[in-house]
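Protein chains in written order, with this note's numbering: chain A, 473 to 615; chain B, 473 to 615; chain C, 473 to 615; chain D, 473 to 615.
No wet-lab data here; the hints were simulated from the structure.
A portion of the hints provided could be inaccurate.
Copies of the same chain look alike in the list, so a pair counts if it works inside one copy or between any two.
Said to hold, decoys possible - Simulated crosslink set (DSS-like; lysine-lysine; CA at most 30 angstroms straight-line):
hint : residue 1 : residue 2
1    : Lys523    : Lys542
2    : Lys485    : Lys542
3    : Lys485    : Lys523
Protein chains: 4
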Amino acid sequence: MLSIPRLSLADAKILIDGATRRAEEINVAMCIAIVDESGNLIAFDRMDGGKITSITIATDKAFTAAAARKATHEYNQACQPGSLAFGIHTALSGRLCVVGGGYPVIVDGNVVGGIGISSGTPQQDMDVACAAIDHFLTRQAAA
Amino acid sequence: MLSIPRLSLADAKILIDGATRRAEEINVAMCIAIVDESGNLIAFDRMDGGKITSITIATDKAFTAAAARKATHEYNQACQPGSLAFGIHTALSGRLCVVGGGYPVIVDGNVVGGIGISSGTPQQDMDVACAAIDHFLTRQAAA
Amino acid sequence: MLSIPRLSLADAKILIDGATRRAEEINVAMCIAIVDESGNLIAFDRMDGGKITSITIATDKAFTAAAARKATHEYNQACQPGSLAFGIHTALSGRLCVVGGGYPVIVDGNVVGGIGISSGTPQQDMDVACAAIDHFLTRQAAA
Amino acid sequence: MLSIPRLSLADAKILIDGATRRAEEINVAMCIAIVDESGNLIAFDRMDGGKITSITIATDKAFTAAAARKATHEYNQACQPGSLAFGIHTALSGRLCVVGGGYPVIVDGNVVGGIGISSGTPQQDMDVACAAIDHFLTRQAAA
């Protein structure tokens with residue numbers, strides 16, 4: 473039997489708070505998805521004005537980052553034409569997302585979930601995701 | 473009427489054993505899928521720590537290699553941008569996988585099944601798949 | 473943070489052994505799928521002669537039982553015409569399976585995974601799944 | 473290693489000939505699908521006037537009959553409300569077809585393929601499928 477650490481809903485809400493705060497600072501209404509370590513959705517917020525397509529894209533970014541334990545922008549670099557990983561961006565009926573903005577959430581060396589942000593540019597999405605994780609880890613360290 | 477040679481479940485388990493052995497040597501927890509010559513799953517193992525996304529990717533690599541009778545890294549080279557095969561990586565709703573790590577299993581010149589490995593880099597996946605096939609063919613030759 | 477108990481690959485293999493043993497006793501070549509508590513595949517065996525359609529059905533039974541924490545035959549009874557749950561058998565693009573033969577695997581009151589059996593009648597599938605769980609729990613108790 | 477008997481393309485064309493002959497007798501333009509023992513398409517004819525929806529339905533009937541080794545009208549009876557197999561008609565994203573008109577093709581006790589007919593009433597589809605199989609088996613016996 474294995475014992476698997478996983479984000480709780482309370483943890484997910486801290487991540488969403490951190491993301492929302494940063495999204496408001498840069499003035500982009502984001503879709504924010506938090507998944508568990510198996511890639512299944514825990515919590516989701518579409519800020520007023522977030523894009524409809526980003527509902528799926530944020531969720532797929534979070535899924536990819538958690539389930540494959542790799543940030544989506546790292547996949548983006550790894551699957552460029554000429555690479556042996558080229559083509560992975562169409563896997564899982566396209567659910568494997570290689571657009572920047574998805575990050576695994578790592579606690580004590582374990583992937584405990586993932587966050588996906590979408591509606592801005594990939595750089596903005598990555599910025600907000602990183603701010604959310606920083607916010608969460610700071611709260612964790614203080615606890 | 474045709475007569476088609478096909479891996480048995482016992483054959484599939486030998487392939488999985490060979491893959492597991494090599495995966496342990498290189499210390500990567502892999503998803504290992506074995507399909508028959510028509511691309512249908514015979515056996516699957518997710519080693520503890522294998523990636524969730526790799527469940528589907530390993531299975532799709534094995535499917536592609538057996539059903540198209542071509543290693544997935546060969547498709548990868550054949551479908552690079554600028555090639556007339558470019559775009560084949562999105563075929564079958566993305567189930568046709570062109571990421572390295574899928575190989576047909578060939579006995580007496582016939583494709584009798586396929587193996588797909590996923591969770592490492594494409595090079596690691598290919599390494600483990602080749603080791604599995606070597607292990608299987610050595611056992612076949614000895615039988 | 474949550475801590476989630478989950479079947480290991482070694483546990484999954486014990487379940488498959490128990491299922492295979494019973495399937496051989498009743499002389500039906502089965503598809504046997506074991507998933508973790510989130511519904512993701514850990515291990516799969518198609519006994520020689522198991523049905524092709526049962527690859528997906530066994531996997532979907534296991535997924536349903538683990539992910540919804542309910543045996544599939546219980547869903548079957550709950551979703552008959554006239555019931556307010558009628559129609560749930562088409563949920564998740566039909567992946568939610570209400571045909572008998574899927575059971576959650578429960579240890580210390582926690583669903584730690586699921587088993588799905590397919591290729592026989594629903595009664596045969598249920599018989600084999602129960603025998604597998606009995607075999608596993610006996611081994612657990614002895615450990 | 474297993475050895476699997478399978479319909480050849482020449483066999484499939486004999487089945488289509490038998491189906492077409494009977495379809496013309498009853499004056500219904502049919503879709504006629506022949507698959508191998510794994511459920512993969514070997515040959516397909518849409519008679520002029522055959523229904524568009526029946527392209528998929530005939531193929532799914534043939535797939536179901538071969539891959540599950542059961543006539544589709546038998547599944548229809550087995551999955552009625554109140555049965556433990558209720559709900560199987562939505563499996564495989566609805567590809568498992570329980571409408572009459574799909575039959576396994578059996579030679580020497582082995583399922584070597586399947587036939588699916590669609591465009592008429594289920595009774596007409598079943599009539600044409602049976603006529604095709606009779607035609608094929610008569611030719612087999614004479615060979």
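| message | Of all the hints numbered above, which does this structure not satisfy? Sort the numbers upward. | response | none
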